[in-house]
Amino acid sequence: MSRLKDLQKNLFGGTTSNARQFGMIFTLVAIVVLFQILTDGLTLRSDNLIALFQQNSYILILAIGMLMVIVAGHIDLSVGSVAAFAGILVAKSMTEWDLPWPAAIVFGLAIGAVIGAWQGFWVAYIGVPAFIVTLAGMLLFRGGNQFIGNASTVPVPEGFREIGSGFLPEFGPNTGYNNATLLLGLAAALAVVWREIQARKTRRAMDADPAPMWISILRMAIMVGVIAFAALRFASGRVGTSFPISGIILLVLVIAYSFYTRNTAGGRHIYAVGGNSRAAELSGVKLKRVNFFVMMNMSVLAALAGMIFVARSAASGPQDGNGWELDAIAAVFIGGAAVAGGIGTISGSIVGGLVMAVLNNGLQLMGVGTDRVQIIKGLVLLLAVAIDVYNKSQGRFSIIGSLMRPFRRDDSAPPASPPDAEREPAKAAVSG
Amino acid sequence: MSDVPILLEMRSITKEFPGVKALSDVNLVVRAGEIHAICGENGAGKSTLMKVLSGVYPHGTYDGKIIYQGSESKFSDIRASENAGIVIIHQELALIPGMSIAENIFLGNEPRKRGAIDWKAANRMALDLMARVGLEEDPDTLIKDIGVGKQQLVEIAKAFAKDVKLLILDEPTAALNEADSKHLLDLLRGFRSRGITSIMISHKLNEIEAIADQITILRDGRTVETLDVKADGVDEDRIVRGMVGRELSSRFPDHTPKIGDVFFEVRNWNVRHPISADRQVCKNESFVVRRGEIVGFAGLMGAGRTELAMSVFGRSYGVYESGTIIKDGKEIVLKSVADAIDNGLAYVSEDRKAIGLNLLDDIKTSTVAAKLSKISHHGVLNEVEEYQAAEAYRKELRTKAPTVDESVSKLSGGNQQKVVLAKWMFTDPDLLILDEPTRGIDVGAKYEIYGIIQRLADQGKGVVVISSELPELIGLCDRIYTVFEGAITGEIARADATPENLMKQMTSTKKMATR
Chain A
1 MSRLKDLQKN LFGGTTSNAR QFGMIFTLVA IVVLFQILTD GLTLRSDNLI ALFQQNSYIL
61 ILAIGMLMVI VAGHIDLSVG SVAAFAGILV AKSMTEWDLP WPAAIVFGLA IGAVIGAWQG
121 FWVAYIGVPA FIVTLAGMLL FRGGNQFIGN ASTVPVPEGF REIGSGFLPE FGPNTGYNNA
181 TLLLGLAAAL AVVWREIQAR KTRRAMDADP APMWISILRM AIMVGVIAFA ALRFASGRVG
241 TSFPISGIIL LVLVIAYSFY TRNTAGGRHI YAVGGNSRAA ELSGVKLKRV NFFVMMNMSV
301 LAALAGMIFV ARSAASGPQD GNGWELDAIA AVFIGGAAVA GGIGTISGSI VGGLVMAVLN
361 NGLQLMGVGT DRVQIIKGLV LLLAVAIDVY NKSQGRFSII GSLMRPFRRD DSAPPASPPD
421 AEREPAKAAV SG
Chain B
1 MSDVPILLEM RSITKEFPGV KALSDVNLVV RAGEIHAICG ENGAGKSTLM KVLSGVYPHG
61 TYDGKIIYQG SESKFSDIRA SENAGIVIIH QELALIPGMS IAENIFLGNE PRKRGAIDWK
121 AANRMALDLM ARVGLEEDPD TLIKDIGVGK QQLVEIAKAF AKDVKLLILD EPTAALNEAD
181 SKHLLDLLRG FRSRGITSIM ISHKLNEIEA IADQITILRD GRTVETLDVK ADGVDEDRIV
241 RGMVGRELSS RFPDHTPKIG DVFFEVRNWN VRHPISADRQ VCKNESFVVR RGEIVGFAGL
301 MGAGRTELAM SVFGRSYGVY ESGTIIKDGK EIVLKSVADA IDNGLAYVSE DRKAIGLNLL
361 DDIKTSTVAA KLSKISHHGV LNEVEEYQAA EAYRKELRTK APTVDESVSK LSGGNQQKVV
421 LAKWMFTDPD LLILDEPTRG IDVGAKYEIY GIIQRLADQG KGVVVISSEL PELIGLCDRI
481 YTVFEGAITG EIARADATPE NLMKQMTSTK KMATR
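Order-wise, the sequence lines are chains A and B.
Note that the UniProt record's numbering has the first sequence beginning at 1, numbered continuously upward.
Note that the UniProt record's numbering has the second sequence beginning at 1, numbered continuously upward.
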C-alpha cells in the first residue's frame, strides 16, 4: 500500500493539484490503448500518428494561449476568426503583394499582435468582459476574412506550406529511419533525465527528501520509453515523412510557455490575477498589464495557428478556423483548468487537447460519423468539468483525495479548522 | 415596567465557532411594545445573537432556549422566524437596485391572482405600507433612484408586508444623514405607540439614549447588564463604561518601545469615494509615524480608517485629490501599489480571505508573492530561494503547517494571518500598515501576533495598527489617532488613553484636548 501511495504521489509531480493531471495522463493512455485495440493497431501506426499531430498542432497551439487566458479568469471566443483573418491576409500578402514567405510569417504575427492589442485594450483598460469583446471579435474577424477574401479561397506558395505540411529533413547515413527525428528523440530523452536530476537536486536543497530512487528511475524509464517509441514511430513512416515541422513549432512553444508560466514572475502574476485579482493588485501586480498581455498573446498564437492551417491546406478559405475556439477551450478544461481561473497548466492543456484529438481520430478510424463524434466529445467535456466542479464543492481535491478521505482521520497533524468556520465570527466582528 | 408581558426571552444562549466562543450564556429579555437597544463593541456578539434569533443559525447549532410569545421557538431558517413575525433589517440593505419599490416590497411574497402577479393590488398595498413608514414616492420608482434613507424605509415597509411583530434593526442609522436618522427614530417611536416591539443595534450612543427603553450590553460574547433607561438614569458615559470595562493586563507581551524620529508623514490627505464623487472619505487628514513606534487608528466602522490606509498605499482605494506623503524627509509620490512596495510600504488588509491572500496558493507562493524580484535572477524564479524564504518565515513566526507546500486555504485564521505577515515582512518594509490584524483570530494566536508586531517595531520599522477593539489599541500602541467620518479627531498618547476617552472622540467631531 505504501509503495502504491509513493508511486501515486511521486510519479507525476507530487502535489495534489497535479492529481487531476495525473488522472488525465492515465485517461489519455487508456484511450490510446482502447483505440489501438478497437482499430486493430491503426491508431499507433506511423502515418496515423503523423497525421494526428499535423491535424491537431494548431489546436494545441491555441490551447497554450487559451490556458493563459482562462487562468487569468477570461475566455477568448475569437481565436478561430482571428486565425482565419490572419490566414487570408498572409495568403494575400504572398500572392498579390509578392511578400517573401518568411516576411509573410512575420507579417502574420504582427497582425495577431495588433488584433490582440485591440481586444486587450477593451478587456484590460475599458473593462468590457472578455466574453463580449471576443464574441464581437469572432464576428468582426470572420467577416473581415470573408470581406478581404471575397469569401473565396486564396492559395499559398510552396515554401510557406512547409510550416504546415513539412517534415524534418533526411540526412546522414541510411539507417532505415529518419535520422533527424531520432536525434530529436535522443535530445528529448536526455532532457528528461537531466530534468529529473535537477528536480532531485532542488528537492534536496529544500531539505525535503527527494522521491525514492526507484520512483525516479521508474518515472524516467516510462518517459524515455514513451519518447523512444514515439521517435521510432515518427522516424519510420513513409519515406519523405517524419516528425512534422508544425510539431516542432508546437514543441518549442510548449517548452517556452511552460517555462514562462512556471518559472517567471510574469507567469506567476497570471495565476495571481486569476486566483484573486484584488489580492494580486494589492500585492503590486499590474492587473491591466497582465490582462492586456494574455489577450494579446492569445491573438498572436491564433494568428500563428491560422498560418499553420493555411500552410497545411495550401490555401486560405472563408471557413478556416470554424469552431476552433471551442476545441481549444475544451482542451484547457479537460486538462484540469478551473472555470473560475487561477488553476491550470500548459502541459495539462496539451494532454487535454490530445485526449480530444485521439478521441476524434480513433472514432474516425472506426468509421463513426461526425454526428456521433460530436456527441461523444460533448459528453467527455461535460464529464471532465463536472468532475472538476464536484471536486471543488468537496474541498477542491482530487478524486483520489476524496476516496481517501474516510481513512484520513488517523493521519498526522490535524490541518486546523476548515477555512469556512472562521468566516462567521469574522463577519460578526464586522457588523456586531 | 415589569407588569408588561414579555414578548421574547433568550435564555443562556451559547454559540461556538471552531476555536472561538462567539456567545456564552447570553440572556435577553424583551417586553412587548418597547424599544430595546443592544450595545457592545465590534465583535461583542451582537450580530451573532440576532442571527441566532432570526434563524440564520438554525435551532440545534447553538445552546440555550428562545421563548417567543410564551412558547419555545425552534427556527430552522429565516423564513420560519419571519412567519413568526420576527423580521431583521440588516445593515447592508437587501434590496435589488434595478427593481421598483413595490417589486422590492413584495419580493418573494407577491400578491397573485390566478397564478400571475397582481400588480394593481401590489401597488395599492405598497402605497398603504409606504404611508405607514412615511415614504412618499411612486411605488414604480426604482430603488437605485432613491436615497439610502428612503431605501431604509422601503426595507421597513417590506417588514410590514410580512406582518411584523418584532422588528430588529442592525445599525439602522449608520449610513444615514442627520435628517434621515431623525425621521427613522421618529418612526420607531410611532411604532412603539402602536405596540410594535423593536430591537435596535447601534453604535450611536446618543441615539440609544434618546430612544431606547431598555439597553442590554454585551461584551466578549457575554451579557454584562440590562439597564432601564428611565429608572436607572442611563447616559452615554454609563453605556460606555458597560461596553469597555474589562481587564487589559497580560493580554499583551511585555514591551519597552524604542521610539526614534519621525520618518513617515502624511499631510492634508484628501480622497474621494471611487463611485460617488461627491462623497469625501478622507477629509484633510494628517499623521506622523516614528521609527520603532506602533501607532493606532481608532474609529467606528465606516469611519474611513481602511480607506485612509489603502489610499496612502499606492492609491489602491478611492480617487486621490490632494495631500503629500513624506518619507525620510523626502516627498514621495505613490501612484500604484508597486510604487508603494518599492518605497517600503506594506499593507496587511482587514479581510485576508477576500483581498489578502490567493487561497489557491500554497504557503511558499503566498510568502513571496509581493516581491518576486527578490527570488528572481534575470527574470527567472529560483524555487530553492523561494522555499528557503518561506521556510525561514514559517519558523520565525511559528506558523503551524506541516510544510510550506501546504495550501493556505487549509490553515486556521491565525496561521493565515502569519502567512500574510510573512508576505509583507518579505518585502522589507519600513512602514507596515496592519488593518484589523487580529480579526477572527483566537486569543492565543492574538498574543503571538502582538509579539510579532512589537518585534517589527523594535527593528526600527514604523507600524500602524487599525483596530476596532479599543483594548487592543490601548494595550499595543504607543500613540493612538481617533478617526470619525473621514477626519482625524484626536491624538492620544498611550499613557492617557482610556476606552472612555477614545470612544468619546471616535463618536464626535468635537476635538478634545490633544497632546
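Think of the hints as simulated: they come from the structure by calculation, not from any bench.
Built from N, CA and C at the ideal position, the CB exists for glycine as well.
Some hints here could point you the wrong way.
[Stated by the list, open to error] Partial pick of chain A residues on the chain B-facing surface, computed with a CB cut under 10 Å:
#1 Ala188
#2 Ala191
#3 Leu282
#4 Gly342
[As the list claims (entries may be wrong)] List of simulated lysine-lysine pairs, DSS-like, C-alpha gap at most 27 Å:
#5 B:Lys327 with B:Lys258
#6 B:Lys74 with B:Lys120
#7 A:Lys286 with B:Lys330
#8 B:Lys258 with B:Lys21
#9 B:Lys182 with B:Lys120
#10 B:Lys230 with B:Lys283
#11 B:Lys353 with A:Lys286
#12 B:Lys162 with B:Lys65
#13 B:Lys400 with B:Lys374
#14 B:Lys21 with B:Lys330
#15 A:Lys286 with B:Lys182
#16 B:Lys182 with B:Lys258
#17 B:Lys182 with B:Lys504
#18 B:Lys446 with B:Lys230
#19 B:Lys374 with B:Lys327
#20 B:Lys165 with B:Lys230
#21 B:Lys182 with A:Lys288
#22 A:Lys201 with B:Lys21
#23 B:Lys353 with B:Lys327
#24 B:Lys258 with B:Lys330
#25 B:Lys230 with A:Lys288
#26 B:Lys335 with B:Lys395
#27 B:Lys395 with A:Lys201
#28 A:Lys288 with B:Lys120
#29 B:Lys120 with B:Lys144
#30 B:Lys144 with B:Lys65
#31 B:Lys230 with B:Lys258
#32 B:Lys335 with A:Lys286
#33 B:Lys395 with B:Lys204
#34 A:Lys286 with B:Lys327
Pair hint outcome, Lys182 of chain B versus Lys120 of chain B [Cα-Cα no greater than 27 Å]: Outside the cut-off at roughly 33 Å; violated.
Restraint status (C-alpha distance of Lys286 of chain A to Lys182 of chain B at most 27 Å): violated, 45 Å
Agreement of Lys400 of chain B and Lys374 of chain B with the hint, judged by alpha carbon distance not exceeding 27 Å: At roughly 25 Å apart (the allowed maximum being 27 Å), Lys374 of chain B and Lys400 of chain B satisfy the hint.
Proposed proximity, Lys330 of chain B with Lys258 of chain B (alpha carbon, max 27 Å): With a Cα-Cα distance of about 23 Å, the restraint between Lys258 of chain B and Lys330 of chain B holds, given a limit of 27 Å.
Agreement of Lys335 of chain B and Lys395 of chain B with the hint, judged by alpha carbon distance not exceeding 27 Å: Roughly 35 Å separates the two Cα atoms, so the pair is violated.
Given hint Lys288 of chain A paired with Lys230 of chain B - CA-CA distance at most 27 Å: violated, 59 Å
Pair hint outcome, Lys120 of chain B versus Lys144 of chain B [Cα-Cα no greater than 27 Å]: holds, 22 Å
Given pair status - Lys120 of chain B, Lys74 of chain B, alpha carbons within 27 Å: Answer violated: Lys74 of chain B to Lys120 of chain B is near 37 Å, above 27 Å.
Supplied contact hint for Gly342 of chain A, tested at 10 Å Cβ to chain B: At about 5 Å, which falls below the 10 Å cut-off, the nearest Cβ of chain B leaves the hint on Gly342 of chain A intact, so it holds.
Distance restraint between Lys353 of chain B and Lys286 of chain A, which requires alpha-carbon spacing of 27 Å or less: Satisfied, since the Cα-Cα distance of roughly 20 Å is no more than 27 Å.
Pairwise hint evaluation, Lys230 of chain B against Lys165 of chain B, where the allowed Cα distance is 27 Å at most: holds, 24 Å
Distance restraint between Lys162 of chain B and Lys65 of chain B, which requires alpha-carbon spacing of 27 Å or less: Holds. Lys162 of chain B to Lys65 of chain B sits at ~24 Å (cutoff 27 Å).
Against the hints set out earlier in the document, violations occur for numbers 1, 2, 6, 8, 9, 10, 14, 15, 16, 18, 21, 22, 23, 25, 26, 28, 30, 31, 33.
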